[in-house]
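For the protein sequence lines, the chains are R and E, in the order given. So for the first sequence, the working numbering puts the first residue at 1; every next one is plus one. So for the second sequence, the working numbering puts the first residue at 448; every next one is plus one.
Note that these hints are calculated values from the structure, not bench results. Heads up, a few of these hints could be off.
Claimed, not checked - To list a few chain R residues with every Cβ distance to chain E over 10 Å, as calculated:
1) Pro75
2) Ala106
3) Ala119
4) Trp266
5) Thr311
6) Ala432
Claimed, not checked - Partial selection, computed: residues in chain R whose CB lies under 8 Å from chain E:
7) Gly135
8) Val333
9) Ala367
Said to hold, decoys possible - From the derived model, a few chain E residues whose C-beta atoms are all more than 10 Å from chain R:
10) Arg526
11) Val562
12) Glu613
13) Ile614
14) Pro673
15) Thr707
16) Leu795
17) Ser846
18) Cys854
Small disclaimer: the values here were computed from a predicted structure and weren't measured. Where is the CB? At the ideal position from N, CA and C, for every residue including glycine.
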Amino acid sequence: MRGLVLRNVVHQSWLVSVAGQDGGVLVDPLMCGSFGSSGSIRFGEQPELVLPEGTMTGLDAIVVTSPHCDHLDIPSIRRARAASPRCPLLASAMLPSHSRRALAVAAEDAIAVPRTSFAQLGGFKIGFSPAEYSGHPWERGAHHLVVSAEGESVLFVSDGGPPTRDGIQALWEQLGKPRLSAVLLADNSYIRGGRRAGLFKNENGRGAPSMLDCVSGQCEMGLRHLPNEPSLVVLAGSGFAAADHHGIARFDAWNVGALAQLETRWPLRHSAPGDGFAIEAGLASDLGPGVTSSPLALAVPQEDSDVPDGTERRLLDALRVPFLLSGLGRGAVFCNQIGERRFGPVRLAIRLTSAYHATRCFGLDLARAEFVPLPSLPAGCDTEAYPFGLEIPISWLLAILKGELGVWDASISDRTRQWFVGSHSPLSVLAALMSASVSPQGLRGLR
Amino acid sequence: MNLQFLGHNAWLAGTSSLGPSLAVDPLLLDDFGFGPDRPFLVHPPRRIYRSLVERIGAVLLTHEHSDHVDLASLRMLPRETCVFMGPLMPAWIERAVCELGLRVLRLEFNTTVEVCGLFLRLYPCSPQTAFWEQRVSQFLISSTPTFLDSAFSAVDAVVSDQFLAEITAGAIPAPSAVLVSNNSSVRAGKGSALGSDSRAREWRGHKVTGVSILHELLDVFPAAIPGSPAIVLCGGGFCRRGELLQWPFACQWDLAGIATELTVKQVFGPLPGQRLCLEHRGIRLVDDDANEVSVDQPYAHVAGAPGSVSKLEEAALDSATTGLQGSDDSGLIARCERALSELETAILCSGIADYWWLMRARGIHRPFGFVCEFVRRPCRQGTRYALDMEEAKFVRVRSADADLPVCELAAFGIAVEPQSLLDLVNGRRQIWDLVGDELDSWHPDMPLESPVALLYALFGEQVRGDLASALCS
Numbered sequence: 001m002r003g004l005v006l007r008n009v010v011h012q013s014w015l016v017s018v019a020g021q022d023g024g025v026l027v028d029p030l031m032c033g034s035f036g037s038s039g040s041i042r043f044g045e046q047p048e049l050v051l052p053e054g055t056m057t058g059l060d061a062i063v064v065t066s067p068h069c070d071h072l073d074i075p076s077i078r079r080a081r082a083a084s085p086r087c088p089l090l091a092s093a094m095l096p097s098h099s100r101r102a103l104a105v106a107a108e109d110a111i112a113v114p115r116t117s118f119a120q121l122g123g124f125k126i127g128f129s130p131a132e133y134s135g136h137p138w139e140r141g142a143h144h145l146v147v148s149a150e151g152e153s154v155l156f157v158s159d160g161g162p163p164t165r166d167g168i169q170a171l172w173e174q175l176g177k178p179r180l181s182a183v184l185l186a187d188n189s190y191i192r193g194g195r196r197a198g199l200f201k202n203e204n205g206r207g208a209p210s211m212l213d214c215v216s217g218q219c220e221m222g223l224r225h226l227p228n229e230p231s232l233v234v235l236a237g238s239g240f241a242a243a244d245h246h247g248i249a250r251f252d253a254w255n256v257g258a259l260a261q262l263e264t265r266w267p268l269r270h271s272a273p274g275d276g277f278a279i280e281a282g283l284a285s286d287l288g289p290g291v292t293s294s295p296l297a298l299a300v301p302q303e304d305s306d307v308p309d310g311t312e313r314r315l316l317d318a319l320r321v322p323f324l325l326s327g328l329g330r331g332a333v334f335c336n337q338i339g340e341r342r343f344g345p346v347r348l349a350i351r352l353t354s355a356y357h358a359t360r361c362f363g364l365d366l367a368r369a370e371f372v373p374l375p376s377l378p379a380g381c382d383t384e385a386y387p388f389g390l391e392i393p394i395s396w397l398l399a400i401l402k403g404e405l406g407v408w409d410a411s412i413s414d415r416t417r418q419w420f421v422g423s424h425s426p427l428s429v430l431a432a433l434m435s436a437s438v439s440p441q442g443l444r445g446l447r
Numbered sequence: 448m449n450l451q452f453l454g455h456n457a458w459l460a461g462t463s464s465l466g467p468s469l470a471v472d473p474l475l476l477d478d479f480g481f482g483p484d485r486p487f488l489v490h491p492p493r494r495i496y497r498s499l500v501e502r503i504g505a506v507l508l509t510h511e512h513s514d515h516v517d518l519a520s521l522r523m524l525p526r527e528t529c530v531f532m533g534p535l536m537p538a539w540i541e542r543a544v545c546e547l548g549l550r551v552l553r554l555e556f557n558t559t560v561e562v563c564g565l566f567l568r569l570y571p572c573s574p575q576t577a578f579w580e581q582r583v584s585q586f587l588i589s590s591t592p593t594f595l596d597s598a599f600s601a602v603d604a605v606v607s608d609q610f611l612a613e614i615t616a617g618a619i620p621a622p623s624a625v626l627v628s629n630n631s632s633v634r635a636g637k638g639s640a641l642g643s644d645s646r647a648r649e650w651r652g653h654k655v656t657g658v659s660i661l662h663e664l665l666d667v668f669p670a671a672i673p674g675s676p677a678i679v680l681c682g683g684g685f686c687r688r689g690e691l692l693q694w695p696f697a698c699q700w701d702l703a704g705i706a707t708e709l710t711v712k713q714v715f716g717p718l719p720g721q722r723l724c725l726e727h728r729g730i731r732l733v734d735d736d737a738n739e740v741s742v743d744q745p746y747a748h749v750a751g752a753p754g755s756v757s758k759l760e761e762a763a764l765d766s767a768t769t770g771l772q773g774s775d776d777s778g779l780i781a782r783c784e785r786a787l788s789e790l791e792t793a794i795l796c797s798g799i800a801d802y803w804w805l806m807r808a809r810g811i812h813r814p815f816g817f818v819c820e821f822v823r824r825p826c827r828q829g830t831r832y833a834l835d836m837e838e839a840k841f842v843r844v845r846s847a848d849a850d851l852p853v854c855e856l857a858a859f860g861i862a863v864e865p866q867s868l869l870d871l872v873n874g875r876r877q878i879w880d881l882v883g884d885e886l887d888s889w890h891p892d893m894p895l896e897s898p899v900a901l902l903y904a905l906f907g908e909q910v911r912g913d914l915a916s917a918l919c920s
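The following block holds chain R by itself, in its conformation from the complex (with noise of 0.2 Å):
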């Protein structure tokens, strides 16, 4: 037995091989400097990702596990193959018929592997499991992958939350019970300057988790259900960036700081990217950097362009009705009083910059189950005023109802803002609305 070698590629992108071996399984292949998938509108500087020569040849397989963004990416699967040209690309039978088409686009052989079943590609063995919250708009067709070779195995947790005990214990069956030796497990806190960023980064500050309670969150959800306590818990998916207009700021920074301090019965590591970890008989160690490897810089939205008259009105028809329905409308409903701060009909107020004319502000009015005009407030005022609220450059929401632009790309920009209470933020309905699931048509509109 020679044991398996996981290095991590950048961000969630990592390379298995086995110890001494040329080749090994790609995981989600992130492989140009940049992901995400907005086009339309200008990005900021990207690093490039520089990899040593030759890593990538002789692959044995390359494998997508979720539809998002961050996992499959066709330039990088196009890079990828042309670098190993007959390595199989595989893909859970389960992802989505919009994303099994975008992997069809890249390459017209993607095997899809049945959700009962495992492939079997040289040495390897790799199967996929399915992720307990994966009816979530933005989960669906998320799943965790196992990737299994001399008696060790290695559990990817995937977004979607932790593997169902179920799904698990039937994959673990098939693929003969090997020993769990590692776990890599998505960290999406994205704690960025000791605030959370991305869709859940929050204004007012309410519900801003802390480090630790990020990490034990991730911990008791991502390993419930395991068939062993693995030697090596991973914290990957935070390694990349943010590239907009005040410079490159990595989301791991904080992290990986506070990461030393806690105190957890876990085996956790951080992974930067080109970080390796060996494994054998079911321990691990540490391998240290063996590539070199720029961070990932997420290609952020930098400017915004005008709009025509009356984009403002059709805008806030289009979302009338999914913020009244979500968890947001519901939960704002029931958002009477903050202390003794009581607030009117008006519960979600909608800030739309522009570099053209001046903020125009409106807000969902509970009772009217209508969009209203709003007296601008000074940015800051507006979070007191009401409970719920986004900024926004108007030319970016535009963008993202025409599925030009992600939810996720715009909400890392500092210039998309937002407050909110509970566990429903603006960004997320958006977000939802958004989803491949829901506006598929959305997704054709994007890189």
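Using the hints, position chain E against chain R.
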């Protein structure tokens, strides 16, 4: 304090049986419902006389539903009568009430006002409440500012957390009486409006019994309220126009009689006109000594009906359907397809879609997420459209699948007459006007994610006030 029952959920509260009083959700006519047809009748049938109407000094409207807001009843009141409503009552109702010449006052929650010699305090309902009842304003009412000998009504919603918190904190005493709305609304053999159609045999759910209803009303619902308040059963006091059968378990006076035999609790089920007198020494139920309300014999209009229940039920189930097939109205097909396209995003964002994707991940899903079968009487076979969850759009079901039991195509669905769905989408009728008769539905055991719940959320007063407003005008 006197609380006089006016039928269904309507009450008249005052400090005496003759003085000016506060009417709560007044239904003063024989019928009600949005739209010119006024599709519902108050049950048991009763007549309210002018002398009682003249005693109404103010009105409280708890929420926007047609069995609580009857503009025709409000039109009978003198101009400038004060109408109280909670902070989130839809604005179109405020406008409609103002157009009647009445004066609207919005009340904040957790704030006491004095009206007609009584003290009134509104509360938001619990967040556990179903979507379509979330704007209910629950009320506490008493003849004393400290709310001694008070009555609390949760109306159609789950008991307010803030109300319970105030009792726990000692800010108010526990109420002497709780008005419990019995909205079981179980129609013979059909399950409740949110229940699953008999076609979905696996999800038909448990048979509803009188004992289970009583358990719900007497034990489960008021369980969180401290003390031992008297339970006053109301609600469910209506039937559809032209309907022969009264809904079972909606006869509160019978339920109260049974409850009194089965429990040690004090339970009242007043008939319209009867008054509850809340006094320091206890609660009494007395008849209408002013003869302001007269009640027809309960069940008089359904004499002999019990014997025909099974035949009627059978007839209803057999009432399907040619659907759109054979129809020479191609315009109807196009309109129905457009109507379905309006439902797509709402379904795809809902728990119905979550369910399908979850089942898909587990490998136990059905081909489609939602089916709409257009049915027309009197044939059986309908035209089926199904929501392809991966393509996110409705497609016409292939003929090869047309003979499958419809519930095998999707875990959620509706069977509806084409024109009925168009009426709903275009705001000519409301979902409650259709369910049971012209629209059947099936779903797994998750009633709050049922097709009826979804259609009500999408086209109900909370979201589409424009439709409801147009219907009322």
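Structure-based check of each hint:
1. Pro75: Pro75 (chain R) is indeed farther than 10 Å from all Cβ atoms of chain E, at 24 Å.
2. Ala106: holds, 19 Å
3. Ala119: Its Cβ never comes within 10 Å of chain E, the nearest being 17 Å, so this holds.
4. Trp266: holds, 26 Å
5. Thr311: Check passes; 20 Å lies beyond 10 Å.
6. Ala432: Violated, since 6 Å does not exceed 10 Å.
7. Gly135: Holds, because the Cβ-Cβ distance from Gly135 (chain R) to chain E comes to roughly 3 Å (cut-off 8 Å).
8. Val333: holds, 5 Å
9. Ala367: With a minimum Cβ separation of about 5 Å from chain E (threshold 8 Å), the hint on Ala367 (chain R) holds.
10. Arg526: holds, 24 Å
11. Val562: At about 21 Å from chain R, Val562 (chain E) clears the 10 Å cut-off, so the statement holds.
12. Glu613: holds, 13 Å
13. Ile614: holds, 18 Å
14. Pro673: holds, 22 Å
15. Thr707: Non-interface label stands for Thr707 (chain E): nearest chain R Cβ at 36 Å, farther than 10 Å.
16. Leu795: Incorrect as stated: the minimum Cβ-Cβ distance to chain R is 4 Å, not above 10 Å.
17. Ser846: holds, 23 Å
18. Cys854: holds, 20 Å
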